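Asks: Spelled out, the chains give:
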Amino acid sequence: MKKSITLTVNGTAHTIEVEPRTLLVHAIREILNLTGTHVGCDTSSCGACTILIEGKSAKSCTVLAVQANGKSITTVEGLATAEGLHALQEGFHLNHALHCGFCTPGMMLRAVELLEKNPNPSEEEIRWGISGNLCRCTGYNNIVKAIQYASAKMEGRELPSTEPEFV
Amino acid sequence: MIAEPFNYDAPSTLDEAFAMLEAHGDEAKILAGGHSLIPMMKLRFSSPTHLIDINRIPGLAYIKEEDGYLKIGAMTREVDLEDSDLIARKYHIFKDATHLIADPQVRNFGTIGGNLAHGDAANDHPAVMLALGAEVEISSKEGKRTVPIDEFFFGFYTTAVQPGEILTEIRIPAASGKYGSAYYKVERKAGDYAAAGVAAMVQLDGNGNCVKAGIGLTNVNPLPMRASRSEEALVGNQPTDDLIELAARYASEDCNPSEDLRGDEEYKRHLVKVITKRMLKLAIERAQNA
Numbered sequence: 001m002k003k004s005i006t007l008t009v010n011g012t013a014h015t016i017e018v019e020p021r022t023l024l025v026h027a028i029r030e031i032l033n034l035t036g037t038h039v040g041c042d043t044s045s046c047g048a049c050t051i052l053i054e055g056k057s058a059k060s061c062t063v064l065a066v067q068a069n070g071k072s073i074t075t076v077e078g079l080a081t082a083e084g085l086h087a088l089q090e091g092f093h094l095n096h097a098l099h100c101g102f103c104t105p106g107m108m109l110r111a112v113e114l115l116e117k118n119p120n121p122s123e124e125e126i127r128w129g130i131s132g133n134l135c136r137c138t139g140y141n142n143i144v145k146a147i148q149y150a151s152a153k154m155e156g157r158e159l160p161s162t163e164p165e166f167v
Numbered sequence: 001m002i003a004e005p006f007n008y009d010a011p012s013t014l015d016e017a018f019a020m021l022e023a024h025g026d027e028a029k030i031l032a033g034g035h036s037l038i039p040m041m042k043l044r045f046s047s048p049t050h051l052i053d054i055n056r057i058p059g060l061a062y063i064k065e066e067d068g069y070l071k072i073g074a075m076t077r078e079v080d081l082e083d084s085d086l087i088a089r090k091y092h093i094f095k096d097a098t099h100l101i102a103d104p105q106v107r108n109f110g111t112i113g114g115n116l117a118h119g120d121a122a123n124d125h126p127a128v129m130l131a132l133g134a135e136v137e138i139s140s141k142e143g144k145r146t147v148p149i150d151e152f153f154f155g156f157y158t159t160a161v162q163p164g165e166i167l168t169e170i171r172i173p174a175a176s177g178k179y180g181s182a183y184y185k186v187e188r189k190a191g192d193y194a195a196a197g198v199a200a201m202v203q204l205d206g207n208g209n210c211v212k213a214g215i216g217l218t219n220v221n222p223l224p225m226r227a228s229r230s231e232e233a234l235v236g237n238q239p240t241d242d243l244i245e246l247a248a249r250y251a252s253e254d255c256n257p258s259e260d261l262r263g264d265e266e267y268k269r270h271l272v273k274v275i276t277k278r279m280l281k282l283a284i285e286r287a288q289n290a
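The listed protein sequences derive, respectively, from chains A and B. Under our numbering, think of the first position of the first sequence as 1, with each following residue one higher. Under our numbering, think of the first position of the second sequence as 1, with each following residue one higher.
Certain hints may be false.
[Unchecked claim] No farther apart than 25 angstroms at their CA atoms in a straight line, the calculated lysine to any residue pairs in the SDA-like style are these: (1) A:K56 x B:A174; (2) A:K2 x B:A174; (3) A:K71 x A:L94; (4) B:K212 x B:A174; (5) A:K117 x A:C100; (6) B:K64 x B:T168; (7) A:K71 x A:A82; (8) B:K95 x A:E124; (9) A:K3 x B:Y8; (10) B:K141 x B:Q162; (11) A:K117 x B:H99; (12) A:K71 x B:S12; (13) A:K56 x B:K141; (14) B:K42 x A:K153; (15) A:K56 x B:I63; (16) B:K189 x B:P39; (17) A:K117 x B:K42; (18) B:K42 x A:S4; (19) B:K281 x B:N256; (20) A:K117 x B:E82; (21) A:K56 x B:K144; (22) B:K189 x A:C41; (23) A:K56 x B:A61; (24) A:K3 x B:S12; (25) A:K153 x A:A80; (26) B:K189 x A:N118; (27) B:K144 x B:L14.
[As the list claims (entries may be wrong)] To list a few chain B residues with every Cβ distance to chain A over 10 angstroms, as calculated: (28) E22; (29) D53; (30) N237; (31) G263; (32) K277.
[Unchecked claim] To give an idea of the chain A side of the interface with chain B (calculated C-beta under 10 angstroms), a few residues: (33) K3; (34) E17; (35) H26; (36) T43; (37) S44; (38) K59; (39) C61; (40) V66.
Calculated from the structure, these hints are not laboratory results. Note that the structure is predicted; figures quoted are calculated from it, not measured. A virtual CB, placed ideally from N, CA and C, is assigned to each residue, including glycine.
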C-alpha cells in the first residue's frame with residue numbers, strides 16, 4: 001500500500017506517493033527527477049548516493065523514502081546558488097578533482113557535513129572523513145585538495161594553489 | 001535492489017510500538033538505524049512483512065551517568081558516541097570503536113542498540129560490551145527486564161530480545177578510579193568487518209594491581225566472545241609485560257576464528273594476540289592517567 005510523504009528537497013516541499021520499500025535515492029531520482037544523486041554499489045559501500053538529511057550525510061540507497069517523511073534534504077542540485085558555485089564545487093572544478101564524475105556529488109555532499117563539523121580539517125581528517133566515499137579514478141589526492149580549497153575559501157583563509165599535480 | 005513488499009509504521013510511543021509488535025508477531029522487525037537490516041532486506045536475506053520504525057519515538061537516545069552507571073539509550077547514534085564529551089573524557093573505548101565502525105554516513109544512522117540487537121559477532125559493540133561488563137535493558141508491554149551481556153547473545157542473529165520486546169537501554173558500570181579502556185580492530189579497508197578485534201578494560205588499585213579486567217573479542221568466534229582465561233590471569237596481579245603477554249596468548253588460544261577472505265585461522269589468532277597485548281597496554285596506560 002502506497003504512503004503519502006512530504007520531502008523538502010533543496011528548499012522545495014514535494015508530496016509524493018511511495019511504496020514503503022521505495023528507497024530514498026529512487027524517490028529522489030525517479031519521482032523528483034533529480035538525477036545528480038547516483039546509485040553506485042547499491043550496498044551502502046561506495047557513497048555515490050550520499051545526500052544530506054537534516055544536514056547529516058546519509059547513504060540514500062540505505063534509507064527508505066518513508067523514513068525521510070517530513071525531513072529536509074539537500075542534494076547536489078541544491079549546492080549552487082544564484083551567486084554561483086558552492087565553494088566545494090569550485091574547489092573540485094579548479095583542482096581537477098574528478099575524472100568520470102560519478103562519485104563527485106556524493107563526495108561533495110559528504111564534504112559539506114565534514115566542513116560544517118570541522119571547518120579546518122587536517123589532511124588525515126579529510127581522508128578519514130571521506131572514507132565512506134569511493135572514487136575509482138582520481139586516487140583521492142585532488143579530492144583532498146579540493147576540500148582543502150573549499151575549507152580555505154569558506155573560512156576566508158589564503159587559497160591554496162590549484163596547479164595540477166602530476167604523479 | 002529492492003526489498004520484498006512490507007508494511008511500514010512509525011509509532012510515536014513505545015506503547016504503540018509494543019501493540020504493533022503484538023499484532024504482527026515474529027513477522028515484524030524493529031527498524032532502528034536500518035544500516036544492517038535494510039541491506040539484508042534488499043538482498044532478500046530477510047523479508048519481514050512489517051517494519052516498525054522506532055526512530056520517531058522520543059527519549060530513546062541519550063548518554064548519561066546515573067546511579068553508578070553509564071546509561072546509553074538504545075537509539076543513540078554511533079556519531080553521538082563519537083562526538084560525546086563524556087565518552088571522550090572517561091570511556092575511551094567508545095571513541096576508539098566508533099571511529100572504526102563502518103564510515104561517517106553509516107555512523108550518522110547506525111545505533112548502538114541496533115548494533116547489539118542485530119546479534120552479529122562481527123559487529124564491534126558486542127566485544128566492547130563484554131569488556132565493560134554491560135547489561136541490557138529490554139522493554140515490553142509487561143515492563144522492563146535486565147539481561148547481563150554474557151546472557152544476551154544466543155547465536156547468529158539471535159539474542160535475548162524476544163518477540164514483543166524492544167532493547168531500550170545499555171548500562172555500563174560507571175568508570176571510577178584508575179579505569180581505562182581501549183578497542184582496536186584490524187580491517188582490510190574502511191567500513192569492513194574486523195579480521196579480528198579486541199576490546200579491553202582494566203581497573204587498577206593504588207598499588208597498580210589489576211582489580212578488574214574485561215576482554216571481549218570481535219569476529220573470531222561464532223558468538224561475541226569473552227576472553228575469560230585472560231581476564232582471570234590479570235585480576236589480582238601487577239600487569240607486567242610478561243603477564244600481558246600471557247593474557248594475550250590465552251586469548252589467541254581460546255578464540256575460534258574461521259578462515260575466510262580476511263585471513264586464515266593462524267593469521268587471525270596472531271592478530272588476536274597482538275591486538276590484545278596492545279589494547280591491554282593502552283587501557284593500562286589510560287587507567288594510570290585517569
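Asks: Against each hint, give a clear statement of whether it holds in the structure.
Replies: How the hints compare with the structure:
no., hint, verdict
1, A:K56 x B:A174, "violated, 31 angstroms"
2, A:K2 x B:A174, "violated, 47 angstroms"
3, A:K71 x A:L94, "violated, 33 angstroms"
4, B:K212 x B:A174, "holds, 13 angstroms"
5, A:K117 x A:C100, "violated, 28 angstroms"
6, B:K64 x B:T168, "holds, 14 angstroms"
7, A:K71 x A:A82, "holds, 24 angstroms"
8, B:K95 x A:E124, "holds, 17 angstroms"
9, A:K3 x B:Y8, "holds, 9 angstroms"
10, B:K141 x B:Q162, "holds, 12 angstroms"
11, A:K117 x B:H99, "holds, 15 angstroms"
12, A:K71 x B:S12, "holds, 16 angstroms"
13, A:K56 x B:K141, "violated, 33 angstroms"
14, B:K42 x A:K153, "violated, 41 angstroms"
15, A:K56 x B:I63, "holds, 20 angstroms"
16, B:K189 x B:P39, "holds, 19 angstroms"
17, A:K117 x B:K42, "violated, 32 angstroms"
18, B:K42 x A:S4, "holds, 22 angstroms"
19, B:K281 x B:N256, "holds, 23 angstroms"
20, A:K117 x B:E82, "holds, 12 angstroms"
21, A:K56 x B:K144, "violated, 33 angstroms"
22, B:K189 x A:C41, "holds, 16 angstroms"
23, A:K56 x B:A61, "holds, 17 angstroms"
24, A:K3 x B:S12, "holds, 17 angstroms"
25, A:K153 x A:A80, "holds, 15 angstroms"
26, B:K189 x A:N118, "holds, 23 angstroms"
27, B:K144 x B:L14, "holds, 12 angstroms"
28, E22, "holds, 20 angstroms"
29, D53, "violated, 6 angstroms"
30, N237, "holds, 37 angstroms"
31, G263, "holds, 20 angstroms"
32, K277, "holds, 25 angstroms"
33, K3, "holds, 7 angstroms"
34, E17, "violated, 13 angstroms"
35, H26, "holds, 8 angstroms"
36, T43, "holds, 6 angstroms"
37, S44, "holds, 6 angstroms"
38, K59, "holds, 5 angstroms"
39, C61, "holds, 8 angstroms"
40, V66, "holds, 5 angstroms"
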